[in-house]
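Here the protein sequences come in this chain order: A and B. If you use this note's numbering, the first sequence corresponds to residues 1 to 543, in order. If you use this note's numbering, the second sequence corresponds to residues 544 to 926, in order.
It is worth saying that the hints were derived from the structure and are not from the lab. C-beta: ideal position from N, C-alpha, C; glycine also. Among the hints, a few may not be true.
Okay, the calculated beta carbon distance ranges per label pair [claimed, not checked]:
hint	chain 1	residue 1	chain 2	residue 2	range
1	A	Arg238	B	Val594	52 to 60 Å
2	A	Arg411	B	Leu892	33 to 41 Å
3	A	Ala83	B	Val596	27 to 35 Å
Partial list, derived from the structure: chain B residues whose beta carbon lies under 10 Å from chain A [unchecked claim]:
hint	residue
4	Thr663
5	Leu667
6	Ala788
7	Ala793
Keeping only pairs whose Cα atoms sit at most 25 Å apart, straight-line, the calculated SDA-like set for lysine to any residue is [claimed, not checked]:
hint	chain 1	residue 1	chain 2	residue 2
8	A	Lys371	B	Phe779
9	A	Lys365	A	Ile311
10	A	Lys365	B	Asp799
Okay, here's what each chain looks like letter by letter:
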Amino acid sequence: MGRRKPPHQATRSTMATTLEPQQQTAAVELIGITKSFPGVLANDRISLAVRRGEVHCLLGENGAGKSTLMSILSGMVRPDEGAIRIDGREVEISSPRRALELGIAMVYQHTTLVPTLTVLENLMLGTGDGVRLNARRSRERLAELAGALGVDIDPGATTGALSLGQQQQIEIIKALWRGSRVLILDEPTSMLTPQGVEELAKVLVRLKAQGLAVVFITHKLHETIAMGDRVSVLRGGRLVGAIEPEELRAAGSEELHERIVNLMFRGDADEAEEVAELQEQVEGRRTRRSLPADPQLELDRVSVAPQPGEIGLHDVSLEIRPGEIFGIAGVDGNGQRELAEVIAGQRPLAAGEILFGGLSIGRLKVAQREKLGLRYVTDDRLGEGTVSALSVGLNLVLKQIGHPPFWQRGRIRHGEIEATGRRLIDEYEIKAGGPGTRIGTLSGGNTQKVVLARELSFDPKLAVYNKPTYGLDIKTTQAVRERIRLQAEEGVTSVVISTDLEELLDLCDRIAVLSRGRLTGVVENGPAAAGQVAELMVGRIAA
Amino acid sequence: MTETTTAAAEIQSSPTAALAEPRARQLGVGADFLLRSVLPLVLAVGTGAIVLVAIGVDPIQYYKDIYSGGIQFGAWQDSVMRMAPLLLMAVGLIVVFRAGIWNLGMDGQFLFAGAIVSGTAPLLEHHLPNTLNLIVMFLLAGAVGAAWTIVPAVLKARYELNEIITTLMMTFIGINLAQVLVKGPFQDPTTTTPQTRTLDFRALLPSIPGTRIHVGIFVAAFAALLVWFLMSRTSFGLRLQVLGASVRAARHMGLDVPRLIIGSFLISGLFVGLAAAAEILGIWGYQRADYNPAFGLWVVPLVFLARLHPIGVVPYVFLLAAVSIGGDYAAQNANLTPRFTLLLVGLTLLYMALSEWLARRRELGGSYLPGVAARRRRAVARA
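Isolated chain A (complex conformation) (with noise of 0.2 Å):
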């Protein structure tokens, strides 16, 4: 007591503890973060370290507290209470610049690109060396990040006119463009491919052997197996386990997988029985139906004329039967915008002839293909599928405007469309106050099932699912398939466009693979289906 320590003497402490093994210091250390927000405790207590060479998994639920965890360190939003300390020292993070400053950079899980640039304009912005720009030295970094993530960018496309899975991919760019050592990915995979999952997951691998965190938020625990290295639960804004490395390689992953769900949904019984349950649904491949012959849905050698940085189409063929599953697999941006939106009547044709119960529609408007029978699940849910500021209730009738019972000589009958509205929410489980909440409150799964019951509440007889499971957790993902498998019982021909191979395994009658705006092939959906359709995205053209 009474002496200090000589300085110098701090100094090789400080120093001898960076110097440490990895497992020593963590890299950043969330000790108690506590916040609150208007009547919920977002995150409570929790404490949780990250390491350099470690892949930390976070898991949760949607409202588990992960977002908000990851604001806190990535100095969007402060904490109530609690300390982060960063290679031992306590920091205070007090916005994104700050954080950015101490090496902590976060890739979201929306785009936070300027679409009216260029892909390369995006990187420059605000890396400031100096003032003036370097485009060749950034064309330079960019082709060297491009060649270790292993995607191929095209520096001068306009940022807006990508897929969101290509924005993605720059976004995990940008996030490394300034060397950071900590990296946050908020649900990386949820836009990639198998092949795509697989690149990203040997990248992490030569971002670990360079020293740097990764924090991997995700939803599905096939990931969190393969890929992490520690692994933290979320639940109820508090932390209820965590699984150190050691524990993690040592046991198989059935037993994993168990003890993950088991912590995500402890405490109650029905909820993890249910999720058993719904686990079983996706191992259970369709069984085989008889159809009708005669095609539902015909495109003969539609072509779409690309925009600015898209592929468009190109001579795609296809016949699909009444009631059948048609799954589209491939890399994002390859034309499945391109085709979804041509068939929905977005987007006009450039060649070719859309067949629709042997009816010519390539000419009709959006509308006229509506009152048909023809419905588009957008992948975009909040730029256009829903109005963020309109009621849940205005939301579910939005292409019913003006149409009876809702309208009656251009009037509007608030009292029907609450009917419909409340009965709706019902049927399809919406987590909202009513038929009067505003949209833009609801969470992401909410609003998806918004957008489903709309687009098959009203008498549909083909429906173009594109990316319908995208961003969402685990329960809502199986009430979403669960609905697309009832419809095509229903009689209901269905398109499903998705990156993620196991849900149209899962879901399909056939599956299709677009490669570069071109069909690739069919594949009849069984055992041997997911290595020919993995080879057909490779760009291999079937027999």
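We have chain A already, so just place chain B on it with the hints.
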């Protein structure tokens, strides 16, 4: 901000959110109204006072003069008369702004329609009964105002050309063309002053019995009610709102986007034209070549303060009318240019930007931007 939204989404999906929501919202709306719709006015008045002090004018006296010049001693009747064109114009702007379209060519539409009306009304005066002449003139003005939006409307609908640029360009053309008409074909041959023939005062809009106020205010009030009905009760109003929220959503919902764009442009032009008719036929009876009240400039901040609500804008319009009428008087007394009132309007705009930022920071929701505010209020009213 992506992040706060994800955080918010998380909160919403948790079970306790249902309990917390209504309380948080009600608090939000009260604070919201003060912050966004009142605070900018208060700050503008405050800053105006500082400026007045700086140039050696007693601000208290100045604001008192505005009051006595705009409200007291029957001046309120002038203010109500000034309301007619302002309200008609505001209502027209609300239609396009709700559709997410920036028609900023209202001054050109106003002057051009005004020139046509003041040029033709005196000619028809002796051929038609007064009432019929007035009705024809209102229709003509509406048609001319609407016609003046066709070029920007079609350019936007068909070629997605930015309407801010095209409407501003059309304003320059409209203002100058109005001058050419007034100095040329419509020139009053009995005078050398560049102005049109003067309509006989008995042929002007009649006054409400017992006042000086002309009936243009009724036209304006009816227009406000009509637009309120259109926007909140009809399918057309909802279509416009969807378009205003997102063009992509509108396309996805199968709406005929080009038709909606042209339709909303025409309606706004129509009301701006009616505003010109109300002002020319109610007050002046003629138009001078250099006439340009620049009402459009005054009205833009108002419609946003009222959150694009056609009824909600009425008190703001009255306030502005009184300030503009009283401002002339006050400026005269203080030896300032009457344009000083514009400074207050400009300051209001500036502080609106500030309060928008403040409200966003406090995450009160809502916005001056189309669509958001009205729905929000309704949702709260229902809850």
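Taking the numbered hints from earlier one at a time, note which ones the structure violates and give those numbers from smallest to largest.
-> Hints 3, 4, 5 not satisfied by this model.
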